[in-house]
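There are 2 protein chains.
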Amino acid sequence: MLTPQEALELVIGTALSLPPCAVALEQADGLAAAEDVVSPGDCPSFARAMMDGFAVRLADAGATVRLAGQLPAGAIWDGELVAGRCVEILTGAACPPGTDAVVPKEQADRGDRGVAVPCSIKPGQNIAPPGSDCRRGQRVVAAGETLTGMAVAALASFGLQSVRVTPRPSLAIIATGGELASPGQPLRLGQIHDSNGPMLRAMARQQGVSKVRVWQAADRLDAITAALDEASELDIVVLSGGVSVGAYDLVPEALARHGTETVFHGVKQKPGKPLLFARKERRLFFGLPGNPLACHLGFHRYVAAAARKMSGRPAWPQPFQGQLTAAIESKGGRTHFLPGRAEPAADPPAGWRVEVLGGASSADIFRGCRANCYVELPPAARTCQAGDICSFTWLLPGPWSP
Amino acid sequence: MLTPQEALELVIGTALSLPPCAVALEQADGLAAAEDVVSPGDCPSFARAMMDGFAVRLADAGATVRLAGQLPAGAIWDGELVAGRCVEILTGAACPPGTDAVVPKEQADRGDRGVAVPCSIKPGQNIAPPGSDCRRGQRVVAAGETLTGMAVAALASFGLQSVRVTPRPSLAIIATGGELASPGQPLRLGQIHDSNGPMLRAMARQQGVSKVRVWQAADRLDAITAALDEASELDIVVLSGGVSVGAYDLVPEALARHGTETVFHGVKQKPGKPLLFARKERRLFFGLPGNPLACHLGFHRYVAAAARKMSGRPAWPQPFQGQLTAAIESKGGRTHFLPGRAEPAADPPAGWRVEVLGGASSADIFRGCRANCYVELPPAARTCQAGDICSFTWLLPGPWSP
Numbered sequence: 248m249l250t251p252q253e254a255l256e257l258v259i260g261t262a263l264s265l266p267p268c269a270v271a272l273e274q275a276d277g278l279a280a281a282e283d284v285v286s287p288g289d290c291p292s293f294a295r296a297m298m299d300g301f302a303v304r305l306a307d308a309g310a311t312v313r314l315a316g317q318l319p320a321g322a323i324w325d326g327e328l329v330a331g332r333c334v335e336i337l338t339g340a341a342c343p344p345g346t347d348a349v350v351p352k353e354q355a356d357r358g359d360r361g362v363a364v365p366c367s368i369k370p371g372q373n374i375a376p377p378g379s380d381c382r383r384g385q386r387v388v389a390a391g392e393t394l395t396g397m398a399v400a401a402l403a404s405f406g407l408q409s410v411r412v413t414p415r416p417s418l419a420i421i422a423t424g425g426e427l428a429s430p431g432q433p434l435r436l437g438q439i440h441d442s443n444g445p446m447l448r449a450m451a452r453q454q455g456v457s458k459v460r461v462w463q464a465a466d467r468l469d470a471i472t473a474a475l476d477e478a479s480e481l482d483i484v485v486l487s488g489g490v491s492v493g494a495y496d497l498v499p500e501a502l503a504r505h506g507t508e509t510v511f512h513g514v515k516q517k518p519g520k521p522l523l524f525a526r527k528e529r530r531l532f533f534g535l536p537g538n539p540l541a542c543h544l545g546f547h548r549y550v551a552a553a554a555r556k557m558s559g560r561p562a563w564p565q566p567f568q569g570q571l572t573a574a575i576e577s578k579g580g581r582t583h584f585l586p587g588r589a590e591p592a593a594d595p596p597a598g599w600r601v602e603v604l605g606g607a608s609s610a611d612i613f614r615g616c617r618a619n620c621y622v623e624l625p626p627a628a629r630t631c632q633a634g635d636i637c638s639f640t641w642l643l644p645g646p647w648s649p
Numbered sequence: 248m249l250t251p252q253e254a255l256e257l258v259i260g261t262a263l264s265l266p267p268c269a270v271a272l273e274q275a276d277g278l279a280a281a282e283d284v285v286s287p288g289d290c291p292s293f294a295r296a297m298m299d300g301f302a303v304r305l306a307d308a309g310a311t312v313r314l315a316g317q318l319p320a321g322a323i324w325d326g327e328l329v330a331g332r333c334v335e336i337l338t339g340a341a342c343p344p345g346t347d348a349v350v351p352k353e354q355a356d357r358g359d360r361g362v363a364v365p366c367s368i369k370p371g372q373n374i375a376p377p378g379s380d381c382r383r384g385q386r387v388v389a390a391g392e393t394l395t396g397m398a399v400a401a402l403a404s405f406g407l408q409s410v411r412v413t414p415r416p417s418l419a420i421i422a423t424g425g426e427l428a429s430p431g432q433p434l435r436l437g438q439i440h441d442s443n444g445p446m447l448r449a450m451a452r453q454q455g456v457s458k459v460r461v462w463q464a465a466d467r468l469d470a471i472t473a474a475l476d477e478a479s480e481l482d483i484v485v486l487s488g489g490v491s492v493g494a495y496d497l498v499p500e501a502l503a504r505h506g507t508e509t510v511f512h513g514v515k516q517k518p519g520k521p522l523l524f525a526r527k528e529r530r531l532f533f534g535l536p537g538n539p540l541a542c543h544l545g546f547h548r549y550v551a552a553a554a555r556k557m558s559g560r561p562a563w564p565q566p567f568q569g570q571l572t573a574a575i576e577s578k579g580g581r582t583h584f585l586p587g588r589a590e591p592a593a594d595p596p597a598g599w600r601v602e603v604l605g606g607a608s609s610a611d612i613f614r615g616c617r618a619n620c621y622v623e624l625p626p627a628a629r630t631c632q633a634g635d636i637c638s639f640t641w642l643l644p645g646p647w648s649p
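Sequence order for the protein chains is A and B.
The opening position of the first sequence corresponds to residue 248 in our numbering, with each subsequent residue numbered one higher.
The opening position of the second sequence corresponds to residue 248 in our numbering, with each subsequent residue numbered one higher.
Keep in mind that a hint or two might mislead.
One copy or any two copies: either way a pair holds, since identical chains are not told apart in the list.
[To be verified] Below, simulated DSS-like cross-link-like pairs (lysine-lysine); rule was C-alpha separation at most 30 Å, straight line:
| # | residue 1 | residue 2 |
| --- | --- | --- |
| 1 | LYS527 | LYS369 |
| 2 | LYS520 | LYS578 |
| 3 | LYS527 | LYS515 |
| 4 | LYS369 | LYS352 |
Derived from the structure by calculation, the hints contain no laboratory data.
In this text, all values refer to a predicted model and were calculated from it rather than measured experimentally.
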C-alpha cells in the first residue's frame, strides 16, 4: 500500500494545469498569470508633476516670473512654457513643454508682481520623467505568479481590461450512502443528515474553485453512475462514501463503468485508508471514505493539492513546525493525521503552538470545528509530550503562497 | 498628528460589528458565528455499527447462530434481535434492538449452518452508542468563532440549513481625479488609467466583503457628493485621491457636506500621511491618498482592520518577524511601511525571510506586484542590514485567523 507521500506524489504528478484563458481584470485577483505581463508603454507616459507648485524654467532661477495660468491633473496646457513665465501646476498634471523643474508652492513666494523663483532649483526637480515608474517592455508579472491587488493596479494602469490566467478547476461532489437524508428532511431511524456534501462544498469554496455542484446518490450503481454522468463537465469529481470493500461499496465499480483508470486505491494513513484516486483524460476522480474525518483529510491533503496544481499554483503543501500544547499518543502502523489548531506563540512571535483536537473516532467532526491545521504523526508508534515539536500543514492557503 | 498605532486604535474603536443575520449553511464558511451553536440532539441518534460485520447477542458467544438477514446503512430492522440469531450489518447502520455487539466479518466464520460467533466478544464492541460523537446540548461552535468546513459539517449533521452569523460589510470605492480615464478609453496627454479603483476592488474581494461597487468621480464637489449619495447603502466608503490640502482636494469638504464627522485627518506615516477617517452613524469613510502605494497601504492597514471588526473577527493585525534579505535605509521622521515579500526560511521552517520591494516613489506599484506583506520601519532613522530582524504584517488573512 502507498505511503501518504507516494500517494500525494501520484496526485500531483497526474493533475495537469488547466488551459489558460482570459478573465476580466476585476475577477483576476488571486489567479495565477498564464504568461508574463510587460508594460506596453512608459509609465508615466508624460513628465508628471510630483508636487503642487509651479512649473518653471531653469533660466528663471532667482527671478520673479509672471503666472501664466493653472494646470490641474488631467488638463492640457496649450503651447510651451516660455522664459519669464510660470504655470501653477497640481500633483499628477503633465508638465508643459519647456518645464525644467517644479518648485513646491511653499518654496515660492507669490506676490502681486508674480512668483519669486528660488535660486537653488535643480533640473528635473519634482518631475517624474516618462518611464520613471515603469519602462516600456518592463516585466511586472511573471507567468505563474499570483495576481495581487497591486498587480491588478499595474495592469489597470496599462489600460488592460483582461488578463490571461490559469483558471481554477470546477468541482463536483457526489455524496453516496443509503443512510443520507436530504437537508431539512426529518430523520427516520438509522438515517443521518449528509454532512460530507456541505463540508466538501465549504472546503472547495475556501480553497478557491470556479464552481461547485453537489449531488446525493443512493447506494445503487445506477444512481452513482447517473451522478457521474451529470458531473461530466466538471474538472474534479469528489465522491464520499462507498469506497471500501463491502457489498454496498459501489464507487470503485461505478468509476470503472464510467471509464476511469484507477491510479491508486488505498493509502497507509489514518484516517482514510481506502482512498481511491482515478482519472479519465484530464479529469480527476477522488473516492473519499464516508467517515467525515477521513473525508475531510482526503480533501485537505489530496483534492486541494490537485486543485492547486490545476490552477497553475505550487501544489505541494508547505510543512510548518510547532510545539504541542499537550501530550498525544500515536499507536503507529500508519501515518496519523490529526486536526489541530495552531496559533502564533507568545510575544515576540517565534513559532507556533499546536493544540490537537482529534476526536475519539473518525466520525467525530464535533471536537474539530476550530481546527485550522492537520498535525502529521509518522508511522512509528510513540508518545509525544507537551512541548514536543510536531509537523503540521494549514487547512487554508497561507498568505505567503505564491 | 496621530501615530499609525493611534490611528488604527481609533479606526478599530469606531468600527462596530454588523447586526447578526441568518445565512444559508452553504454560504456560511469563513463567517463568524453570531451565537453559540449547540447540538439539538445526540449524535448518533441511534446505536451505530462501526464496522461491516454481524450484530449478535452476548449470550451467543461461542455458538453458531442463524443469519436472520442483512441490514445496510439507512435501512430499518423490524423487531428485535433474538437469541440464536444474528444480522449481517453494514457500517453506519442502526443496530437492531437487542444487539450487544458487532463482530467484524473477518472474525466470524460464516458456514452453511450459520455464523460462528467468537467466544471473546465484549458488550458494545464496534457499536457507537447514541450521543457518543456529540451529546445533546454540547457546544460545537462558540459565538465569534469562524465557521470552518468541519463546523459546517457539524451543523449539517444537526439538520440545520442556516446559521446566525455576523455578516461581512459591503464596500463602496470612489476613485476621484480629473486625470482619470475610464478603462478601455484611449489616453489624452496628461491622463492616466485609474488603477486605484481596480486595486481597491481586488483587495476588498480578497479580504472578504459581501459586495463591492466602484465609482469614478471627477474633481468636482458635486460629482463626489453625488457618488457619496449613491453609495449610501454601503457599510464602508473608500475614496481615493483629493484628500490633501490643494485647491482640487475636495474629499474633506464633500464628506463634510455629506454629514460625516471627521475622526482624524493625517497620520505620521509614509506613505499616506493625508489619510482621512470619518463616520456617519455606523458607516465608515476612508479618504485615501491618490498615490497608488499610499492608497494600497491605507486599505491594508486601516480599511481591512475596520472590515474585520465589522465582520465580528479580531481586528488587530498579527505582527510577524522576519530576516531582511538585503539592507534598507530609513530616513526616519515617520513610520515607514514598505511592500515586501515574506517566504518561509530554509528547511526546517524556522521563520521568515523578507525581501523589501519598495519602489522609488509612492506612485510606483510596479516593483511591488509580488508583495505579500508590509514591512514596518519605526520612525527613528536607521540603516537595516541584510539579516536584521524586521516586523511585518501579511497582506492577506492568515489561515490561523480565528
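> What are the numbers of the hints that this structure violates, sorted from low to high?
Replying inline: 1
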